[in-house]
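J.: Listed below, chain by chain, are the residues.
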Amino acid sequence: MADQQELLQGTLDILVLKALAWGPRHGHAVARTIRSASEGVFDVLDGSLYAALHRLEERECVESEWGLSDKGKRAKFYKLTARGRQQLRVESASWQRYAHAVAAMLSATTQPAEG
Amino acid sequence: MNLRSWRRYRELFGSSPEHDVRDEVRFHLDTETEELIASGVSPDEARRHALARFGDVEQAMAACRESDHRRLERQRRGRVFDAFAQDLRYAVRSLLKRPGFTASVALILALGIGANAAVFSVVDPLFFRMPAGVRAPHDVAQIYVERLRSTGDRYFQARFSLPEALFIDSSIAAGGLSSAILLRSDVAVAVANGTPRRVRTQWVTPGFLATLGVRPFIGSDFDTESGRFGIPATTAIVSWHFWQRELDGDPKALGRVIRVAGRPVMVRGITPRDFAGIDLEGADLWLPLGGFTGFQKPGQAPWYESWGTIAFRIVARAPAGEARRQLIQRVDAGVHAAAAWIRANPKPGAGRAALVRVVPGSLLGARGPEGLTRDERIAALLGALSSLLLVMATANVGNLLLGRTVTREREISVRIALGISRRRLVGLLTIESLLLALMATIAAVVTAAWMGGLLRALLLPGRQLSAGPLDSRVAWLALGLGTAVGLISAFVPLSAVRRRDLVAGLKSTSRDGGSRHSRTRTTLVAVQAALSVTLLIGTGLAARSLYNIRAVDLGLDVNSVITVTRPDSSRGPTLEETAAVARGLPGVTTVALSANVPLDEQFGARAFFDRSGDTLRSGSVGIGFVAAEPGYLGAVGTRIIRGRDLSTADRFGTQPVMVVSEELARRVWPRRDPIGECLRIERADGPCYSVVGVAENAHSYEVIEDPKAVFYIPFDQRPERSAPAHALVVRTSSATRSIADRLRRIVGDTISEANADPVSARRRPVHVMAEMLASEYRPWELGARLFAACAGMALLLAVFGLYGVLSYFVALRKREIGVRMALGADRVRVMALVVGEGIRQVSVGVAVGVVITTLFAGRMSAILFHVSPRDPATIVAAVAALLLCAALAAAVPGRRAMAIDPMTAIREE
Numbered sequence: 010m011a012d013q014q015e016l017l018q019g020t021l022d023i024l025v026l027k028a029l030a031w032g033p034r035h036g037h038a039v040a041r042t043i044r045s046a047s048e049g050v051f052d053v054l055d056g057s058l059y060a061a062l063h064r065l066e067e068r069e070c071v072e073s074e075w076g077l078s079d080k081g082k083r084a085k086f087y088k089l090t091a092r093g094r095q096q097l098r099v100e101s102a103s104w105q106r107y108a109h110a111v112a113a114m115l116s117a118t119t120q121p122a123e124g
Numbered sequence: 005m006n007l008r009s010w011r012r013y014r015e016l017f018g019s020s021p022e023h024d025v026r027d028e029v030r031f032h033l034d035t036e037t038e039e040l041i042a043s044g045v046s047p048d049e050a051r052r053h054a055l056a057r058f059g060d061v062e063q064a065m066a067a068c069r070e071s072d073h074r075r076l077e078r079q080r081r082g083r084v085f086d087a088f089a090q091d092l093r094y095a096v097r098s099l100l101k102r103p104g105f106t107a108s109v110a111l112i113l114a115l116g117i118g119a120n121a122a123v124f125s126v127v128d129p130l131f132f133r134m135p136a137g138v139r140a141p142h143d144v145a146q147i148y149v150e151r152l153r154s155t156g157d158r159y160f161q162a163r164f165s166l167p168e169a170l171f172i173d174s175s176i177a178a179g180g181l182s183s184a185i186l187l188r189s190d191v192a193v194a195v196a197n198g199t200p201r202r203v204r205t206q207w208v209t210p211g212f213l214a215t216l217g218v219r220p221f222i223g224s225d226f227d228t229e230s231g232r233f234g235i236p237a238t239t240a241i242v243s244w245h246f247w248q249r250e251l252d253g254d255p256k257a258l259g260r261v262i263r264v265a266g267r268p269v270m271v272r273g274i275t276p277r278d279f280a281g282i283d284l285e286g287a288d289l290w291l292p293l294g295g296f297t298g299f300q301k302p303g304q305a306p307w308y309e310s311w312g313t314i315a316f317r318i319v320a321r322a323p324a325g326e327a328r329r330q331l332i333q334r335v336d337a338g339v340h341a342a343a344a345w346i347r348a349n350p351k352p353g354a355g356r357a358a359l360v361r362v363v364p365g366s367l368l369g370a371r372g373p374e375g376l377t378r379d380e381r382i383a384a385l386l387g388a389l390s391s392l393l394l395v396m397a398t399a400n401v402g403n404l405l406l407g408r409t410v411t412r413e414r415e416i417s418v419r420i421a422l423g424i425s426r427r428r429l430v431g432l433l434t435i436e437s438l439l440l441a442l443m444a445t446i447a448a449v450v451t452a453a454w455m456g457g458l459l460r461a462l463l464l465p466g467r468q469l470s471a472g473p474l475d476s477r478v479a480w481l482a483l484g485l486g487t488a489v490g491l492i493s494a495f496v497p498l499s500a501v502r503r504r505d506l507v508a509g510l511k512s513t514s515r516d517g518g519s520r521h522s523r524t525r526t527t528l529v530a531v532q533a534a535l536s537v538t539l540l541i542g543t544g545l546a547a548r549s550l551y552n553i554r555a556v557d558l559g560l561d562v563n564s565v566i567t568v569t570r571p572d573s574s575r576g577p578t579l580e581e582t583a584a585v586a587r588g589l590p591g592v593t594t595v596a597l598s599a600n601v602p603l604d605e606q607f608g609a610r611a612f613f614d615r616s617g618d619t620l621r622s623g624s625v626g627i628g629f630v631a632a633e634p635g636y637l638g639a640v641g642t643r644i645i646r647g648r649d650l651s652t653a654d655r656f657g658t659q660p661v662m663v664v665s666e667e668l669a670r671r672v673w674p675r676r677d678p679i680g681e682c683l684r685i686e687r688a689d690g691p692c693y694s695v696v697g698v699a700e701n702a703h704s705y706e707v708i709e710d711p712k713a714v715f716y717i718p719f720d721q722r723p724e725r726s727a728p729a730h731a732l733v734v735r736t737s738s739a740t741r742s743i744a745d746r747l748r749r750i751v752g753d754t755i756s757e758a759n760a761d762p763v764s765a766r767r768r769p770v771h772v773m774a775e776m777l778a779s780e781y782r783p784w785e786l787g788a789r790l791f792a793a794c795a796g797m798a799l800l801l802a803v804f805g806l807y808g809v810l811s812y813f814v815a816l817r818k819r820e821i822g823v824r825m826a827l828g829a830d831r832v833r834v835m836a837l838v839v840g841e842g843i844r845q846v847s848v849g850v851a852v853g854v855v856i857t858t859l860f861a862g863r864m865s866a867i868l869f870h871v872s873p874r875d876p877a878t879i880v881a882a883v884a885a886l887l888l889c890a891a892l893a894a895a896v897p898g899r900r901a902m903a904i905d906p907m908t909a910i911r912e913e
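Just so you know, the sequences run in chain order A and B. The opening residue of the first sequence carries number 10 in my numbering; numbering runs sequentially from there. The opening residue of the second sequence carries number 5 in my numbering; numbering runs sequentially from there.
No lab work stands behind these hints, which were simulated from the structure alone. Here the structure is a predicted model, which means the values were calculated and not measured. Incorrect hints may have been included.
A short list of chain B residues far from chain A (calculated; beta carbon distances all over 10 angstroms) [as the list claims (entries may be wrong)]:
#, residue
1, G44
2, P200
3, G266
4, A788
Here are the simulated distance ranges between beta carbons [claimed, not checked]:
#, chain 1, residue 1, chain 2, residue 2, range
5, A, A113, B, A56, 34 to 40 angstroms
6, B, A56, A, G32, 25 to 31 angstroms
7, B, E62, A, Q120, 49 to 55 angstroms
By construction, the Cβ of each residue, glycine as well, lies at the ideal position given by its N, Cα and C atoms.
One chain only, chain B, in its complex shape:
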């Protein structure tokens, strides 16, 4: 057999253009030559002539080969595409055949993926996404210093007093690095004659935008002139969005005058569209820090010389490496220079704990050295939880698909027998699950947009994040998760297919086909039970924490007390005038003036002396005092335990008296009756205030705080030079909120309730005391709610999963159950069989879940309040709840089993 004839058989295996073209041309030339020879030309001449007529043989052959290659390639691609299109059609058909199955799978996945995408939309800006518009944001550092208290504990500080910040800032500048000081504050802004709106403002030193590498989109950056202190701001830089929203995108906006906190300010620049400050919440307005007036109190030293107002942050640009090291050095030098200056010129409130080290932190607060806030911790936990949920959803879908594969076993076996390649079969099943996942992903993106908005409202209330809840990063994440989940859930039935024994599949019915898969299915159920019980325990603990924190006795009646403060600059009525009006309002029972705002500020006396004028040492650290009109304690709802309250008879000129808190009594006169004792304040030769009563401990600032040593003195008897009346406490007997609204109108708080954000509630002049604490209860409520939502979803998934497995179990054992019933088993025993099987499958998971919970209990305790993370009652309740749900889920297939007619079941085979 020569080579050429052998090649003929190659066609069986597919043609090769190279050989084909050569054969074809050779045939042509041979035939041509033969014909010429036949017409009488000499062989050599004939060959030459044939070649001449052909032209360039190599070139022609190359052209032919190229055409052939292109054609073959197209054919191959066409075949692949055809196969894919066919599989796709098949997959769509088979999904449509069972719309219930398809919908539930898509729904489960959509919830799982959507929850993850939504959580990511919150977690991303908190932890990962650097502020937009900042050039090389990783090179910009926020300055933190770690300090050491005399008590031995360390803390991080990101905010400084302005004089200290200026020391640091100029030290950094001396090192040739750029830096800026900033202060966040909300102010009322009015454009033209519009009503004032509260906008987010940053007061910055002139180098701010330059340090961040931001150039105004139009207009100019602040010059050094606008950096002078004490001169009210005259120019502002506004954000692109502010320009669009408030100035209608006016192309001639530069030079326009807006009113900021009542003063005219000219717009000097507009930032680029993507830049919205460096904080999670966008900023709308940048003003020169020198022109800030908010902290100024009349008759006191200029605010910018105050060492006691610790509110200013510092940012600096210093890429990692040499510049970073230099930055640390410069900040260190600045802190020491400030300390040296203070030693030479002592100022009130300027003492600072010792510097431990300087840390240039990330622009993202959550990644700074201070650690996570509660909200951030919840967000992180939520991220972990939602990924657990996704694992569950994936497992469930895998489970459902597996169940489906089993019922389709015969179909698949027939297909294999008919010659479908394994590869094709795998492709077919993968396409099915990817199709499901795709549907789910689309649903998930919609879910994510909705849930993301909801989550942000819950987690970060009152914060307008500069990034929307649904952006390309979130959408990509959803798509990525969808694809991954589709592939993974396809893998479960595929691994079953790979083990398929073709002949067995053809011969058998699903009756004996199940045992092989049952282990996988049982494992899936167990995993879900474990996750559910973990989340249920978490929910229980979070709910108990919330209950406990709500039950904390504040020593204050926060719900019926309104506090009114008067900003020093305000033009409205004085506190005394407001008090007079308030006394006349129906529903108001007591009104008292006070030097401090309860739950917001409290004065501390610096020195105490006993009756004989000796310095009081025992427990005198951190004693606070409240100077208020008699009636104050009754007004805020703090009960007198012993002795009497202050009365109007305790006036200037009479014997000075005080009421002390239980804690103060315990510390200063342990195991002694404090009534009749006396204390001198500030000066050893000052008047001795005799203790006339003991009040219960009242919280000074927060819901969670240690009992404070506090004493209360009549306003008229307060030491000289102590603060004037600053607040009004109004106790109401009914309609507290509407009284608060009336008081708001009286003092001229023009920002309507709708525009107010809950975070800044403390800064407003009138509020019900409970409002000030709302932000403290909120994380606890949030934790409980989120846990409950996650647990609910997990439980739902687990119940569905178990239901699926048991339905299958009943279908498989139909005959066996029939036989049992024929042999005399009653229906109750059949039900018990199914429910028992359900409980058995779940209990493994429950045990695992409980173990996991106890192992990771330590991590939980940070978000718990007065409840042990291993609280047995909670664990028992969670386990009981899960088992009850499992029993209910099992009862449905159980009823189906009870309804089996023994005769039919046995005859069926």
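Here chain A stands alone, though its shape is the one from the complex:
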């Protein structure tokens, strides 16, 4: 697991929001989604994930409800709120701009014009 990365501060929240963008799911499912979507690059402890979920709920980006899992067990399901959806839109746009700029800089083959 040598190539696993420490997650940048605040990044976990956006990943959680994105994981919920496809529909309500419980915490374990969110963990599974992030793990598989990131192809094992991020080392996210499940504990921090739950802390993030509750934090997002406190900020009213997600709301929760108890329900039954696929196997009929009682589980807490999380769902994006309108505010969470808005937050995801804003954050992901800003992330993409950031990532794009970093990528552009790193892949540059000629020296950019100076000031």
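Use these hints to put chain B onto chain A, whose structure you have.
T.: The following block gives chain B in isolation, referenced to the frame of chain A:
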């Protein structure tokens, strides 16, 4: 049913973050473990792996719980706030729906609260607020001594002659305590070339500021050098406000020279901003007492050696306890030392009544041992009255709100039926009355600022209080009263709501809902009637006192006589020169020189002897004499009852003659004709003055005084060494005031009328005699006016209250009245029914009020003059006035009742 499934139902009652988080984490770990087992890992290994992936379980759970707690707390608060906002909106809407009701309630409360706040703004500095800027003011004492007259009565003395004050002061100093002597006096001050202005000055010994714990804001305190007597003052300490106002806040003001009473004085210090002396009225200027010159008379002993001028106060710092006891001891020693010195070196006017005890009094004069002055008593009474008014206003508002609750009964019942909690309902009604009270409070603060200023002008005229009429203490009081009144007035309808029978409220109309409340309402009306009648009686008594005191025969014609005095230091024309000018003025009928100023000073002869040279014993105590030019009695308007007046023929060298007052004649020659008798003055071998006439008793100083034994002798025949001509009496036939103004210009009184304050009128050189008495009539006028204002307000409140109750009464009985009318009752009887009901409700209160008044009559007598506090005529008039107002208030709903159409009223149900 296992525990976990039971917990599921807990959600119905609200979730618990502790259990939720544990369940959630357990679900996660179980699922993870199961999935791992499914992929072929051994159960133990799977569990371990799941835990490893989770990280620190306890820490994560704690983070989750904290988030949840915060979220839930916020939600709870949000719900409470939402409910409050909703109630508030509802309350505002329902108040706006009836603007007339809202406005009248707010107005009643504003008057009640405003009156209280205004009165407080006067009462506070009088009784409660210690002088600002003084360090630990309760530790500073003003020295009072109680003395015993030979006649057996005791009195308190806060003012001392300077030599005696110095004895006391140095005795205190010897005990290691700090003390100072002070004297208040107004002087004219000019800054640069400005016109002189009268400012309030304190002449103090050097330790004054130090004793009070005040350090100059800039500059230095007086040093001991400026404490020497007889050398005119060269330096002054000015107040911060004087510095700002007169010296324009000049940063280089120290060392600047101002003219005080015509002499140059250098500013040596400025006091801190909040300090304005220790008296109710602020002071602007402090000068070294040694440099005072005001009392000096030419050709006489230095003023500071006079034992006869009793004007000096002493303050000392001595905290309660040991230091206080020591202070008392030191003052006692000082008084005795002064007495011993006087026994060894007898001085005129130095005799003192025996010392009973020493009392270190409060810096607040009203709390000193001397008791209350009339003004202070009025202020205290006013405080009581205004709180009564507030009680009335509160009762009235409670009444109005109650009436409203009754008309809203159905609405409230529907709300209860729809599931509003009682608590919410109570909150709703409370918010409504608090909202009303808040509106009223804002109005009240404005009212208080205005009324406070007005009251001060009335109660403490010419006094510039160092504290403004509206300060934070007054504003807080208004706010506190407003809130209290809001809560109390809400309580009245609430107690009705609590008794509400839900079903009855839904079923019935207000027709049968009223009887339960009517007792409360009737009580409120009775209370108001009682207060009104009490105040009306008070007004009547105060008005009669004022009338009586105005009717007092002074034996002087104060309105057409001008007196002119000449300050010894003045450079203007002499009295003789002024007299000559005055004689030529149109409108002047008589001018006479006199050795004394009528109504201001009078000499007393010390010894009397009869014709044969024997000491006169009978009634010779306290005989005053007036030495004046013939014509004086005619000039001041004192009538000759028997015999003749003094005439110009009674000159030096002719037979000495005198006119005596009725009182003197009665005392010295009871039941005998005084004409032809004779009296020797001062010396047994002096000339015998034969009595040629008897004059009516004339007042010597005040409006209220016992008849004085006085004799009048021609100025030319006065005993040797008695005072020179000191005053001029000018009688006018018309335009007295404009003549007084002309005389002012002639003698050079430069302070214009606008800048003069009524209190110091006596100290000015020219005045119409009536002006000197103005300050004596004033409290009586004030008492009558204030009582009338309070009674007017109370009556207004009571009339409104009764009107409200009777309108409601008519509304309730509409059907009954309709039936009566259908059965043949005529309209007059209907009117009589309503008015009778009004009178019935009021009369209980009237009876109570009359009883209260007679019970507390004793307390009133202190502010009454020649009228019994139980004066039946006044009581009857007050009761009649109230009943008449009640009948008028009842007639309005009565007319409405008369207009009821029987058919409609009966069919309505």
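J.: Each hint: holds or not?
T.: For each hint, the structure was consulted:
no., hint, in the structure
1, G44, "18 angstroms, holds"
2, P200, "74 angstroms, holds"
3, G266, "79 angstroms, holds"
4, A788, "69 angstroms, holds"
5, A:A113 / B:A56: 34 to 40 angstroms, "39 angstroms, holds"
6, B:A56 / A:G32: 25 to 31 angstroms, "29 angstroms, holds"
7, B:E62 / A:Q120: 49 to 55 angstroms, "53 angstroms, holds"
No hint from the list above goes unmet by this structure.
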